[in-house]
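2 protein chains.
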Amino acid sequence: MAAPSEGDAASLLPDLPGGPLQAYRARASFCWKELALFLEGEDTLRLKKSIFSALEDDPLFARSCGHELSLEKHRELTFLRCKRVLGHALVRVEDMVQNPLSVLTLVTCLGTYDWSLAQKFLLHLLVFGFAIYKSGSERHLEYLPKILNMEIFGCFAVTEVSHGSNAKAIRTTAHYDPATEEFILHSPDFEAAKFWVGNMGKTATHAVVFAQLYTPGGHCHGLHSFLVQIRNPKTLLPMPGVMVGDIGKKLGLNGVDNGFAMFHKVRIPRQALLNQTGDVTPEGTYVTPFKDAKRRFGVSLNNLSIGRATIVAMSVMNLKLAVSIALRFSATRRQFGPTDEEEVPVLEYQTQQWRLLPYLAAAYAVDHFSKWLFLNLAEFQQGLIGTDRGTRQAELGREIHALVSGGKPLASWTAQRGIQECREACGGHGYLAVNRLGDLRNENDPNCTYEGDNNVLLQQTSGYLLGLLELRLQGGARLESPLGTVDFLEAYPDILDQRFSCPSVTGCLQSSVPLAAYEWLVCYLLRESVQKVNQEKRSGSSDFEARNNSQVYRCRSLALAFLELTVVRRFHEYVHQPSVPPPLRAVLQRLSALYALWSLNQHTALLYRAERRRRCPGGRDRSSR
Amino acid sequence: MAAPSEGDAASLLPDLPGGPLQAYRARASFCWKELALFLEGEDTLRLKKSIFSALEDDPLFARSCGHELSLEKHRELTFLRCKRVLGHALVRVEDMVQNPLSVLTLVTCLGTYDWSLAQKFLLHLLVFGFAIYKSGSERHLEYLPKILNMEIFGCFAVTEVSHGSNAKAIRTTAHYDPATEEFILHSPDFEAAKFWVGNMGKTATHAVVFAQLYTPGGHCHGLHSFLVQIRNPKTLLPMPGVMVGDIGKKLGLNGVDNGFAMFHKVRIPRQALLNQTGDVTPEGTYVTPFKDAKRRFGVSLNNLSIGRATIVAMSVMNLKLAVSIALRFSATRRQFGPTDEEEVPVLEYQTQQWRLLPYLAAAYAVDHFSKWLFLNLAEFQQGLIGTDRGTRQAELGREIHALVSGGKPLASWTAQRGIQECREACGGHGYLAVNRLGDLRNENDPNCTYEGDNNVLLQQTSGYLLGLLELRLQGGARLESPLGTVDFLEAYPDILDQRFSCPSVTGCLQSSVPLAAYEWLVCYLLRESVQKVNQEKRSGSSDFEARNNSQVYRCRSLALAFLELTVVRRFHEYVHQPSVPPPLRAVLQRLSALYALWSLNQHTALLYRAERRRRCPGGRDRSSR
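Protein chains in written order, with our numbering: chain X, 1 to 625; chain Z, 1 to 625.
The reader is advised that the hints may include incorrect statements.
Pairs involving identical chains hold if they fit within one copy or between any two copies, as the list cannot separate such chains.
As the list claims (entries may be wrong) - Distance condition first, Cα-Cα at most 30 Å in a straight line; then the derived DSS-like pairs of lysine-lysine: (1) K168 <-> K33; (2) K73 <-> K202; (3) K33 <-> K291; (4) K202 <-> K49; (5) K134 <-> K146; (6) K83 <-> K134; (7) K234 <-> K537; (8) K134 <-> K532; (9) K33 <-> K83; (10) K33 <-> K146; (11) K49 <-> K291; (12) K532 <-> K33; (13) K265 <-> K532; (14) K146 <-> K73; (15) K234 <-> K83; (16) K249 <-> K33; (17) K537 <-> K134.
The hints are simulated quantities; they were obtained by calculation from the structure and are not laboratory data.
Extracted from the complex, chain X is given alone in its bound form:
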């Protein structure tokens, strides 16, 4: 791609204002406009500009400077802003389908302004709305225009007081009554109350409620989702039998009204069942296109993949914001110096660079991974919505599930640690609320636990890898996957035999070196994990215990290392492709090397340890005996 023409650049990327950062900016080895155009593309830049302009031009989005925003006021404003965003129609539904990244762009731009707004919008339109679109059938299509114009406002209710991660065990029930052709929705006790549901606290009129479906005779068909009206859209008073309210202040995202709900024998029509994975006939017979109940459960929770992939993108945006704030501060803040008279910008200090620059590199690398993942997920979802039920589609589903389940932990933790580092790197000024690092920390934080706790999610990723290897060892087909992220494992024994060699430090300063080390590391951790699980089983542990007792240092590390490898590989390939404009190659390749080496650096103890074991192949090294 050529450098942007002057016209493009001027309209999409106006020059930065002058000021104390100019000295550093003048030293850049590349044109930042060219980089922005290459990374984002003109369409995305144009979309961003239109979103930000819409917010800037609308007084409803004016910041409330100087006075505190109460919880209630923040919630009210966020609701009004959400409605206004829908009114602006910043991205048309057709565009979302044609260019799935436009959804991410919209959500993260709104988040740049205020994550509460982004969340509220996302929960209503993309979680609630998409759930109806995807899990329902023709009979539910009438709701879509009402969702788009916010005639009804929605939320997505899975979690209960006592069950989050173990969604399968949720205890709300829906008993079918053929006499009236209704389901009776019921919360058996307080612990089964829906809890944490975003938008439910004050504003939602409708909820997609997950409940255990029972047909007459007491047969339970497992978790299904139902479209339930919970409030009167005119008065916002709860519907009969629904006890609904706000769960109170959270560490952040207080513009979103998270809520609870208990259902006391609430009757809803048979058609309220979102019947993609199973339906009940008027007479009360359960029918499903899925033979396998486990598979049905998987599909009904498939929505969560989009949620998790979106969290990856939101985390990256938080990291970008924090790193920008901290680097700009560091470039202008001066403290100490070679003489009493001359102080140097803190960015010049080794410690400051060491703390911050790897997170800058991480922002670029994980950002690229995020977009790649989301595009593949969108493709997969479109296959699901169509009738593509082929083997490749199933394999792609499993691979993407493994990638989002590990990608969310990697991205959210990287952002969380990065934000904390940025906050501290700004000293006292980082502790002042107006500088936003506190909000970023508080609003990125739930990314680590919602849509699945990070440590629990990582088990999905390691389970996928262990399962693939088991199939291969049982004489199965080649180890490969639709997106190719596991293909290197086919050479598993050879990779484990490789030795690290690099002639010089300079030779290591490129991402191909840590990339090779990562392949070895993942193979090594895979073998260690398999051995540990087997050893547990041999000593009498059940499958459940064996898996749980093999997490620390084994399966958990494996899942994270596999994701790091995938991020490193994707960014490495991206910055080394021929289409990278020559003036940008050096800086992008340095970012790629920095991220990969920094990330690998967490595992050096393991690299040394494994090498030591190799030297004494007969036994284990002394320190681990």
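With chain X fixed as given, assemble chain Z onto it according to the hints.
Using the frame of chain X, we list chain Z on its own:
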């Protein structure tokens, strides 16, 4: 010590209430009351009880449940509560001197209730009040009763907008005018405004202000402190020439009114100078008992040591609170299980134990270090207040300075990471404000940056160690220090020759093993740091550059490892002393081993790497070439 008699236990340590935690509590191998008595002692338990009872019985300290506390209201309440705490006279000044730990107990108990209150109280009484007591002279004693009854309310103003860590470079000036026998206090520009000063925003009537002292003829004598009235105590209106206000919302501690102040040629009497380190005669001649300006600066900032040692204790308290919340939650929260019907407490999962239990151990180990450090610091301060200016006193001062400068980073980071881990380990419920983990994170956070940024402070510690070694290598005296924390370095070459050996895993499960490894590690890092600094100097770096360029992986790691070693050693010795009641030995020694091994585990890459280098003594290992 024998198990507490029934009477003691009943009055000081009532039985815990029944509930879902009982099952776990019943499984304890020891009596918790005996442990509490051994760790705290009866006097401290009694003091704690009296403090908590005073707060419980006073409606002013009632929690405002259910409604939001505005910033203004929180500040107002905190001021009133601070006054009430002084009124209750929970600890008499005489007791503080006799038993310095009573101060820490009071401050951390107040913090357990609300850190804003603890801070406000601490800043007024112990920072402002003690500064006047310690840095002033007889002419300032009249202020002390007014401080104790809050007739005046104080703050301590060092930091300016542009200078925090580099306190020496602050730019407020105090020019002496012999004509009126006054100092003229002046802020040359906005960047020299006092900033961040706790209590200054709304409530302080007086400030200890640090400024560069000038005598006629324009001679600057460096930083001195002045007692300055900034507001009218009746109206709280600013004094003429003082522009003072609130800096706004912070990430936490919002009950404390941090403020800014600019002085426009404000005239204060000559006697306002806190003249411990230097005075000005009525005619304008500067007189000082210190020949060395550097030494004078050191003494005038010595107050900071108390601040830093207090931060260690506050951090430990935060960690204790967070770990208690997370462990109790983990013991009662059930999720997943071997069958669909049976779910197990999440505390039973390997991952959860691995995340939380090391922080439990850290709370005990760092707590012991904190008390030990504070007692020694108190002894040192009493020496300072007396006239003990001997060599041991100077050496003790340097050792304590190194310990608080490294102890603050270690304690505050351990707490910060521990709180984050606890917050995540509680899943969604950890994100609910009412569960307090967010407040703990936000209120522990400044501990990482104030009273000196952690990374900057660590340089004091490494500088101390490098300095000692340099003296020794120049043929100086034995390597030893009053508290003995560096004495092992005398065997530096022998320790570096030692090899790790442990016959079995069980053999490693005691703190003596990691303790020995830590001694080796500190020696190794000390050698590496010295080599790196020297190499930098040989290649032409100035002292300033050489030091800055030797921080990452060298001096910074050295300082942290030295502090970890000190904490590990202190706790190891404490739990292995004969006075430990036999029923408590097993559990305390396991805590000691867990903390030491977990802490050492951060450094395994270095241990492997160093061993590898040793195998190829002729050269460096390939990976670092």
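Self-check item: Hints not upheld, ascending by number
Solution: 1, 3, 4, 7, 8, 9, 10, 11, 12, 13, 16, 17
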